[in-house]
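Residue numbers (the working numbering), protein chains in the order written: chain A, -14 to 260; chain B, -14 to 260.
Hints should not be assumed to be uniformly reliable.
It does not matter which identical chain is used: a pair holds within one copy or between any two.
[What the hints assert, rightly or not] EDC-like mimics (lysine to aspartate or glutamate), calculated; alpha carbons at most 16 angstroms apart, straight line:
| no. | residue 1 | residue 2 |
| --- | --- | --- |
| 1 | LYS173 | ASP158 |
| 2 | LYS110 | GLU23 |
| 3 | LYS217 | ASP148 |
| 4 | LYS54 | ASP72 |
| 5 | LYS24 | ASP58 |
| 6 | LYS247 | GLU202 |
| 7 | LYS217 | ASP195 |
| 8 | LYS110 | ASP88 |
| 9 | LYS110 | GLU188 |
| 10 | LYS196 | ASP158 |
| 11 | LYS173 | GLU202 |
| 12 | LYS251 | ASP26 |
| 13 | LYS173 | ASP201 |
By construction, these hints were calculated from the structure, which means they are not laboratory data.
2 protein chains.
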Amino acid sequence: MTYCVAIKLNAGLVFLSDSRTNAGLDQISTFRKMIVYEKPDDRFMVLLSAGNLSISQSVREILQVEQLKEHEDSPPITIWNAKSMFDAARVLGAAVRHVHDRDAASLKAAGVDFNVSLIFGGQIKGEGMRLFQVYSAGNFIEATPETPYFQVGESKYGKPVLDRVISPDTPLDEAAKCALVSMDSTLKSNLSVGLPLDLVVYEVDQFQTDKVVCIDEHNPYFRMLHSSWGQKLREVFDSIEHPQWKDGPTDIPLMVESGRGKPLRKITTPQERLI
Amino acid sequence: MTYCVAIKLNAGLVFLSDSRTNAGLDQISTFRKMIVYEKPDDRFMVLLSAGNLSISQSVREILQVEQLKEHEDSPPITIWNAKSMFDAARVLGAAVRHVHDRDAASLKAAGVDFNVSLIFGGQIKGEGMRLFQVYSAGNFIEATPETPYFQVGESKYGKPVLDRVISPDTPLDEAAKCALVSMDSTLKSNLSVGLPLDLVVYEVDQFQTDKVVCIDEHNPYFRMLHSSWGQKLREVFDSIEHPQWKDGPTDIPLMVESGRGKPLRKITTPQERLI
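Produce the complete structure using the sequences and hints provided.
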């Protein structure tokens, strides 16, 4: 599996991906899942991919030559000349459909789903930043202020901290830190996600970035974050009062008469039914 | 969906379940997912269920009358006379198979999987506590010191905190608190899990418990835990240094030459390939 997350903020974009690929537990490899497309002063785009590696690699290969034509005699649209990220996402969707046309029937015959999930975001001169999630059918959705992030792959372990921290106003470095904490929780609980990580941070209206880093187990910042987060989380956990079952010196009782639900009735004989 | 978790400690057992059931997003209901079977001084057992509600309700109904026979003339084994939790789990597995025999073909014809996940744990006089996870096929696995907890349903959001806190030595109240934090993270990120919660804590060798509580949104302890955890998590998050991209006054740089992976090469022209 994989875990990738991308966040769209007022201040910029954050992209983070792991690099573990597995075909069963006994075949684990390292593949990078992020590609950065950059034409300084014109466009900056990042693609993150999860799902079947043969599909996502083919999509990445095809994306470089994929062309959309609106009309017979209109010039072809590519990711390099698209006037909007929306059009660039359409080109990506077309690349997914191309790979589907080539491979889906054979995959199905082999009992393999056509499974790919992509995050594609960036900025093209003339419009604001945009962030899309592209599905296996080539269709896509766009991030909004209410939902400023997308995840693909093993997304659930790392979702709670994103929900707690991220809003469009979050500063870029804070969002990068949040993405790394989200990744750290995922690494902790799921073997199919692994180091090294690729992290890219893009500042609005720059059309390029030098904030590109590959983070492995020796990275001082990630090591600090990993151990601090684990240790402080534990301290917070310990600082919260244990539940008090009996009456005692507490103003936060656990056992109270509940408004909506009564305590469970126990079943004490073979004849009893709950309903 | 559902979220249920059960933890086996040296000091006892903790069981926690939510109560949301949904058949699609527009049909959400409240159903309790925990049953306590108690024969004081003889046996104490708890069943948690996730999956198709019609299946889990049928299993619960049948479990009260299910009988296993080892030989033609051996006395039937039920959950009320089983000499071990292992035998009781076998009775539960047989109940699942009974429901499968009755319903699976019709469900399949309607395009519905035979999907049920159960956690079954407790103690029968004469042996120690035991905790099992029972699958749709009626087979089951048992918790061990290395893996002292089981989850069913929406398990991923709440797994990291369990992995960080729980070991067989964890005290009972601390484990109950941990289960509630795990549930709180799940509630935060997944609409299909909802209050009220059922929490049961069992102390080893008691063969009964009065630590049974139904927790709704008015419960003082859960409200405190929910707000403290959210707020302190945020404080911990804020207390960790932001990543430093440029050289600066930090001994924990983010951008360092990586041992295993080099920073991503950017693609800057339509002709470039990564490989």
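So, going through the hints one by one against the coordinates:
1. For the identical chains of this complex, LYS173 and ASP158 are neighbours neither inside a copy (22 angstroms) nor across copies (24 angstroms), given an alpha-carbon limit of 16 angstroms.
2. Taking the closest pair of Cα atoms, LYS110 and GLU23 come within 16 angstroms of each other only inside a single copy of the chain (12 angstroms); across copies the shortest separation is 69 angstroms, beyond that limit.
3. For a Cα distance limit of 16 angstroms, the shortest separation of LYS217 from ASP148 across copies, 15 angstroms, qualifies, whereas the shortest one inside one copy, 19 angstroms, does not.
4. With identical chains, the CA atoms of LYS54 and ASP72 are at most 16 angstroms apart within one copy only, with a shortest distance of 11 angstroms there and 67 angstroms across copies.
5. For the identical chains of this complex, LYS24 and ASP58 are neighbours neither inside a copy (27 angstroms) nor across copies (82 angstroms), given an alpha-carbon limit of 16 angstroms.
6. For a Cα distance limit of 16 angstroms, the shortest separation of LYS247 from GLU202 across copies, 13 angstroms, qualifies, whereas the shortest one inside one copy, 49 angstroms, does not.
7. In this homomeric assembly, LYS217 and ASP195 never come within 16 angstroms of each other (Cα to Cα): the closest approach is 31 angstroms inside a single copy and 33 angstroms across copies.
8. In this homomeric assembly, LYS110 and ASP88 never come within 16 angstroms of each other (Cα to Cα): the closest approach is 35 angstroms inside a single copy and 59 angstroms across copies.
9. For the identical chains of this complex, LYS110 and GLU188 are intra-copy neighbours only, at 13 angstroms inside a copy versus 65 angstroms across copies, given an alpha-carbon limit of 16 angstroms.
10. Taking the closest pair of Cα atoms, LYS196 and ASP158 come within 16 angstroms of each other only inside a single copy of the chain (11 angstroms); across copies the shortest separation is 45 angstroms, beyond that limit.
11. For the identical chains of this complex, LYS173 and GLU202 are intra-copy neighbours only, at 13 angstroms inside a copy versus 30 angstroms across copies, given an alpha-carbon limit of 16 angstroms.
12. For the identical chains of this complex, LYS251 and ASP26 are inter-copy neighbours only, at 15 angstroms across copies versus 69 angstroms inside a copy, given an alpha-carbon limit of 16 angstroms.
13. For the identical chains of this complex, LYS173 and ASP201 are intra-copy neighbours only, at 15 angstroms inside a copy versus 30 angstroms across copies, given an alpha-carbon limit of 16 angstroms.
Hint check: violations occur at hints 1, 5, 7 and 8; the rest are consistent with the structure.
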